[in-house]
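Enquirer: Residues per chain are reported as follows:
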Amino acid sequence: SRADSGDSGSAPASSGAPSAGKGPAAELRLGYFPNVTHTPALVGLEKGLFTKELGSTKLVPTKFNAGGEAVNALYGGSLDATFIGSGPSLNAYGKSDGKAVRLVAGTASRGAQLVVKPEINSEQDLVGKTVVTPQLGNTQDIALKKWLADKQLTDKVKVQNTENALALEEFKKGSVQAAWLPEPWSSRLVLEAGAKVLLDEKDLWPGGEFPTTVLIVSTTFLNDHPETVKGLLKGLVASVDYTKKDTAGAKTAVNAQLKALTGKELNAATIDRAFTNLSFTLDPYAALLPQLSKDAVTAKVAQKETDVKGFLDLRLLNEVLTGAGQSAVDAAGLDKK
Amino acid sequence: MPQLDQDTAEHKTAHGDGPSGAEVDGAIGGLDALDAPDAGPQRSRGRRIAAAVLPPIGAAVLFIAIWQAVWAAAWVPEHRLPSPLTIGEVFWGLVETGQVWELLWTSVHRAVIGFIIALAIATPLGLLLARVRIVRAAIGPLVSGLQSLPSVAWVPAAVIWFGLTDASIYMVVLLGAVPSIANGLVAGIDQIPPILPRVGKVMGAGSLANARHILLPAALPGYLAGMKQGWAFSWRSLMAAELIASSPELGDGLGQFLHNGMSLFDMPMVITGILLILVVGVGIELLVFAPLEKVTLNARGLRKS
Amino acid sequence: MPQLDQDTAEHKTAHGDGPSGAEVDGAIGGLDALDAPDAGPQRSRGRRIAAAVLPPIGAAVLFIAIWQAVWAAAWVPEHRLPSPLTIGEVFWGLVETGQVWELLWTSVHRAVIGFIIALAIATPLGLLLARVRIVRAAIGPLVSGLQSLPSVAWVPAAVIWFGLTDASIYMVVLLGAVPSIANGLVAGIDQIPPILPRVGKVMGAGSLANARHILLPAALPGYLAGMKQGWAFSWRSLMAAELIASSPELGDGLGQFLHNGMSLFDMPMVITGILLILVVGVGIELLVFAPLEKVTLNARGLRKS
Amino acid sequence: MAIALENAVQTEVAVRLEDLHKVFGTGRQAVTALDGIDLAVRPGEFVCLVGASGCGKTTLLNLIAGLEQPSSGRITLTTSRPAVMFQEHALMPWLTVHRNIELPLRLAGVGRAERAAKVEELLSLVRLEGTGRKRPHELSGGMRQRVALARSLASAVQGSADGKHALMLMDEPFSALDAITRDLLQAELLRVWRATGTAVVFVTHDVREAVRLGQRVVLLSSRPGRVVDEWDVDGLTGSDESAAVDTIGAKLREVISTHAAA
Amino acid sequence: MAIALENAVQTEVAVRLEDLHKVFGTGRQAVTALDGIDLAVRPGEFVCLVGASGCGKTTLLNLIAGLEQPSSGRITLTTSRPAVMFQEHALMPWLTVHRNIELPLRLAGVGRAERAAKVEELLSLVRLEGTGRKRPHELSGGMRQRVALARSLASAVQGSADGKHALMLMDEPFSALDAITRDLLQAELLRVWRATGTAVVFVTHDVREAVRLGQRVVLLSSRPGRVVDEWDVDGLTGSDESAAVDTIGAKLREVISTHAAA
Ligand SMILES: Nc1ncnc2c1ncn2[C@@H]1O[C@H](COP(=O)(O)OP(=O)(O)OP(=O)(O)O)[C@@H](O)[C@H]1O
Ligand SMILES: Nc1ncnc2c1ncn2[C@@H]1O[C@H](COP(=O)(O)OP(=O)(O)OP(=O)(O)O)[C@@H](O)[C@H]1O
Ligand SMILES: [Mg+2]
Ligand SMILES: [Mg+2]
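So the protein sequences, as listed, match chains A, B, C, D and E. Mapping the first sequence onto my numbering, position 191 (from 1) lands on 191, and the numbers just tick up by one. Mapping the second sequence onto my numbering, position 112 (from 1) lands on 112, and the numbers just tick up by one. Mapping the third sequence onto my numbering, position 303 (from 1) lands on 303, and the numbers just tick up by one. Mapping the fourth sequence onto my numbering, position 204 (from 1) lands on 204, and the numbers just tick up by one. Mapping the fifth sequence onto my numbering, position 155 (from 1) lands on 155, and the numbers just tick up by one.
Listed next, the in silico DSSO-like pairs over lysine-lysine satisfying Cα-Cα at most 27 angstroms (straight line):
#: 1; chain 1: B; residue 1: K294; chain 2: D; residue 2: K134
#: 2; chain 1: A; residue 1: K156; chain 2: A; residue 2: K294
#: 3; chain 1: C; residue 1: K294; chain 2: E; residue 2: K134
#: 4; chain 1: A; residue 1: K202; chain 2: A; residue 2: K309
#: 5; chain 1: A; residue 1: K202; chain 2: A; residue 2: K245
#: 6; chain 1: A; residue 1: K172; chain 2: A; residue 2: K259
Calculated from the structure, these hints are not laboratory results.
Chain A with its partners taken away, still in its complex shape:
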């Protein structure tokens, strides 16, 4: 039978304040994606906001192309923290039986829309049509499938997973008629392919907010180097503040990063529209996480609900926020098992 000792290192330190750990880490390996939904990450990197707060700790930013590799890298210990979609973050927590990762802050919310061909005016018009989402089990995929289930359209609407750029191309050609996409792709479909918005996902959530991007940290790293994580969070707070204050500057910073990372920037109209649909906040909207986890089951991308209790660890974030004179965010009781 299987010995259980191996995982002790990653046992949650849920009681008491995070202990002093092993002092600041030598380096922090931070994952992120070249997407506008990761704006605070991109701005923080572009403006050097993380480095400033991390002091002697060397920041190693790592750009990922897919969530899978980022989570595997976290699992494998070659990544310490990453910005990631809320859906995959839950998955990363659940698949490691609640051991590998902790959510330490929100980053962005909202910013996903169901955009359709102009002739589609209601959900009933979607019957027999194809709707695209970016990837099986990602945030928008779950949202669409949950929504379809609610409207009892599950078997009447075809769901196709394709990369965002391909979705745009297919939409232009008319081989797909609708897409549930995150920014900036919903904006690009509207602006470049004449799509119209049938539904903004924020309308489905009470208060109009839901987590889109969050910051997760490897549990081991959190236990060993709380100061470093705190530094990272300070940088993130600064970056979110900056983004809110100087939207134009943030847009420039994002485009600069995108240009460097992918060789292409977003055009002004797209980034403007994307920014209006997104909101950048440190609140992970913890209260909604259990619902998201339920939705995954409803959407049939997970067999069983992930128990999200213990997933959050917002103490460091709240320390930073209160220290900066801002209001603390609520963990909705999910910071305890």
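Following the hints, complete the assembly by docking chains B, C, D and E with the ligands onto the known chain A.
Expert: Positioned in the frame of chain A, the structure of chains B, C, D and E with the ligands alone reads:
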């Protein structure tokens, strides 16, 4: 006493007295089998089948045992290395729901069709490349270059031309497999002893008859090796092509299954996917290529039974 | 008048009177070159180089011309099929910023290192597979099966085991290239006329000397073909591996560049990426494999120079 | 006009070689295999070529067969495509004995039944009844040579079917056979030759064989290969025959020793 | 004890074959190549094997060389590893002539300078001076055979260096050579044989050659291969020699015709 000396060559065998010396040597001697002459008298049918089936099964059992041991030792957490049992369960789940047949059918029939088309294109292409100097000079390096293009590179082009249809998938598969098979054939033809095409020529064989009666059969061993590699390319390209999109029209194949496992960070799903792909690969090798190879080589007296 | 008849074989050649009959035939006759005997007297150095360089350049020019024509006809919208000029501009941009050298260097040096390691592993593996019956029976089909596993399947495992390091990338490359090279060597060895190892044996060559002096050189043509395919595999696997992540440590390679183009559906970038990859593929073929092949075949009298 | 003229001159010639040169390789490595060969073979004539090992006999046959291009000089054939028996057996390793012999017949489009009958006949002619289903690698050296002989005879018979003069080129066809089998096959070859009126160019290193079989014996010198002498040996018997053998042998010895000395 | 006893008996024997059987294939396809061969070769003895094409001579050599396993029976060698010259030339196509001949010396670990000297010596022995840098495909059939001869001589010289009796197995080594070259090389072979005291088992289809070279001629019958007769032909000359040739030839003819009739 020279005959006590190591160098003294003494071969002793008697008809039907159990395993012949050469065989036992082969099993024990490892590398020494490099020099073992063909085993003497014929072995029984049962023993021959056993000799073919036991070693791979032994290898598989050994592999699973090591895996189980590593897992039990819990060096790595469960979510990184699931136990063989977990995989077994996932697999069994696929079998129970019948999904496994759908996955296999979707991918295998596509790969087979793609491969056959590739063969039909690559064979004349390979013949031209091998025998017409100007064709070789003009596009030979290009064909080799194409081989090294990753299949995903063709995905955008395929989608633009053919949309999200099977045609796109076949295009990606063909671009993977054709250069490989053609190159294999070229290599095979290059190695033909020059006397054989000359024999064809003096017998008055025209270009086509020469290709049909001399070049292709003479190049067969190399051609088969190229086909094997071509099959690998088409199967791998298919896996890449199946990632283009998952949609009800296209149906789910193994590539999609693997990809879904990776998007959901579901290691058991990923490993099951890998094993399924491997099973297909090994199965095709054992059922198609190994027998073909054996027949080809035996007919030419190139391999000891 | 029998000599006016088609069948009358009449060969007429005079020393140094311009292009020999065989050559002209070869250029005009297309498929008939299948039967053309080797061109008579030696050609000048300049003409030989021209014969090597002109056809591929001609093919490239033809290709670009067709492309430009299709683009000019505007059958497909610009964003799906950019003009050759646009590509030229993107490419020039890469050259001006020096980025192209970084991309090429990162990918090519990784591929070369990976390939060399693969060669070092695959050669003994191939020898064992080819000559030790039990090894072949046990893991032969597995090696062929591994070949058909898409590289991306290894990515999760590689990332978990080796993290975001070059080691991960090399693991993916090795798993792609080793089975292919080993299989090529096995195919090469299987085709060795059995008399040659026997000659080695009667000369008292031990296992290693036999491998070194007889098997490897005798299998060289087939081995080279396997190496070529192995290179294609390692290059393709590298493209898959480079998608894992990009960080300052890992650097950006061609795979990453291509992926960026694809995730934006930016056709000029995609096509530039494809062309760069192709250039490397064709370059390696022309600079490494083609000369090696030529030497190997010529030494054996297998190809008319 | 030139053609018509040539035609008139050549009606008596099956193969005409004029000032034939063949050089292998280039520069310092060049080997002059043939250096100005002039030779004419009449239709139905049996010519034996003898010469030292490496003097260019095989090269000459290859040139006649059109398998190599002469460096200079001119070859004219008025016959149908020659049947060739190579010095190496050159059997297709993937075909059974039966199918190897059948191959020229298949290529000529002969029907299945006729092919089978022909192959059986040829197999018994070369004393290999019952080995039709074996592969070349299961045969002894001499057996392979006999299969190659049977194949070239099949090819010859086929070639001569189109009404033109036929031609056979044979390169040491009996070298791997024991004396008795060789005697038998020599007799068979002569029988086939007489029956079909095929011209034969026959390379051998056995002067006795050359004299026994040939109507004319041509001696090549080596390095460079030239025709040094010819003997008419048609119909010689008894002591005439052995005298011819001795003469030719002596000349051969002389040619070789000059070469060795040079 | 058995070993010691055998030892005493065998000191006079280089090769001993006892009731040797060799069957190729199984079931209905089986070919009995050798059917109870008993033969002993003394150290330093020159034995010639003759027999019809396909009677099993090559098979017998392969068994002695350890390249095939007998179906039953027993082979005992008291010599060092035999040097073998195959019926096919079996040259390594990727090696130059020089390197082909050098190969056995390299494998035996002979130093570079010594190897080069030895190869030059052997090349001139087989009258191929100056062809060292050519590849096998650039040679004529007879030249290839001579290279193979030189290589087997290199191997023999090497094999005998360890103080034991040496053994050479030669399978029709002169079959592709013209009469003159053959005479020269026969003389060279005899010289080497006398100088080194090597036992030789020599397969040939030329009875004259067998009588000229051998001390003993062994005649194999074909299908199944058995020893039908042996002749002591040591030191025969003149008319004795041609008488022996005639006797053996007649017997060979008789054996072959019985077979053909059966
Ligand atoms: N492909 C080649 N390349 C270079 N040299 C060659 C080639 N073929 C033949 N030669 C040379 O040409 C000469 C004549 O060779 P050829 O094979 O015609 O001799 P041959 O008379 O048939 O001899 P043998 O009786 O030994 O078969 C030889 O010196 C040989 O080395
Ligand atoms: N590998 C094999 N498989 C099957 N049969 C074989 C094999 N090798 C030899 N034989 C058969 O064994 C018999 C003897 O062959 P072997 O080669 O010993 O003849 P040989 O005496 O050397 O003849 P030759 O003078 O023609 O070379 C032949 O009938 C041949 O068909
Ligand atoms: Mg010759
Ligand atoms: Mg033999």
